[in-house]
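K.L.:
Make a model of the complete structure from these sequences and hints.
Heads up: the sequence shown runs through residues -19 to -1, 1 to 93, numbered per mature numbering (1 follows the signal peptide of the UniProt record, and there is no 0).
Take these hints with a grain of salt, some might be off.
[Claimed, not checked] No more than 25 Å apart at the CA atoms, straight line, and that leaves these computed lysine-lysine pairs for PhoX-like: (1) K8 with K68; (2) K51 with K33; (3) K43 with K68; (4) K51 with K93; (5) K93 with K43; (6) K93 with K20; (7) K51 with K20; (8) K93 with K34; (9) K20 with K43; (10) K34 with K20; (11) K68 with K20.
Derived from the structure by calculation, the hints contain no laboratory data.
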Amino acid sequence: MKKQLCALLLGLSAFSVYAEQAPIQLKSGPSNAGRTYSKVYITSNVDSVIIKKIIVNRGNCKDAEYLPWKPIRLNFGSTYERIFTGKRAGTPCNVLEVAVDTNQGTWTFNFK
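P.N.:
This is how it looks when you write it as structure tokens:
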């Protein structure tokens, strides 16, 4: 029984080696636009990735940029930043979760 359990655990851990890695890194921090704004930084880990959409806190934060959103291509090491605020006027956006839709899949990042 012990050997079977060890074999099972070893087999399951082998799958984690093949787990797909996100093509992007993500950070968030305060914005200099004011205390109700937060900034999200997306950096590419691959030669080319297209950022199609950014969803902050499951849609509870909205894009606060004056230019409308359009997809953006990032090359390896390039960083894109975007400002978000709460859905209602004057409410802050405390970034806890960011979902990024790319041409290589959708990736969700959590901040606790």
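K.L.:
Can the restraint linking K34 and K20 be considered satisfied, given a maximum Cα separation of 25 Å?
P.N.:
This hinted pair holds, its Cα atoms lying about 15 Å apart.
K.L.:
Holds or violated: K8 and K68, Cα atoms, limit 25 Å.
P.N.:
21 Å, holds
K.L.:
Taking only the CA atoms, is the gap from K51 to K93 under or equal to 25 Å?
P.N.:
Violated, at about 29 Å.
K.L.:
Take a quick look at whether K20 and K43 sit within 25 Å of each other, Cα to Cα.
P.N.:
Given that 25 Å is the threshold and the Cα spacing comes to 11 Å, the pair holds.
K.L.:
Under the criterion that the straight-line Cα-Cα distance not exceed 25 Å, is the pair K51, K20 satisfied?
P.N.:
Between K51 and K20 the Cα gap is close to 17 Å, so the pair holds against 25 Å.
K.L.:
For the pair supplied as a hint, K68 and K20, is the alpha-carbon distance within the 25 Å limit?
P.N.:
15 Å, holds
K.L.:
Take the C-alpha atoms of K93 and K34, compute the straight-line distance between them, and say whether it is at most 25 Å.
P.N.:
22 Å, holds
K.L.:
Are K51 and K33 close enough, with their CA atoms no more than 25 Å apart?
P.N.:
7 Å, holds
K.L.:
Would the hint linking K93 and K43 be met if the CA-CA limit is 25 Å?
P.N.:
Satisfied, since the Cα-Cα distance of roughly 20 Å is no more than 25 Å.
K.L.:
Would you mind confirming whether the straight-line C-alpha gap from K93 to K20 stays at or under 25 Å?
P.N.:
16 Å, holds
K.L.:
Please verify whether K43 and K68 have alpha carbons no more than 25 Å apart.
P.N.:
Holds, at about 5 Å.
In the structure shown, a violation is registered for the earlier hint numbered 4 alone.
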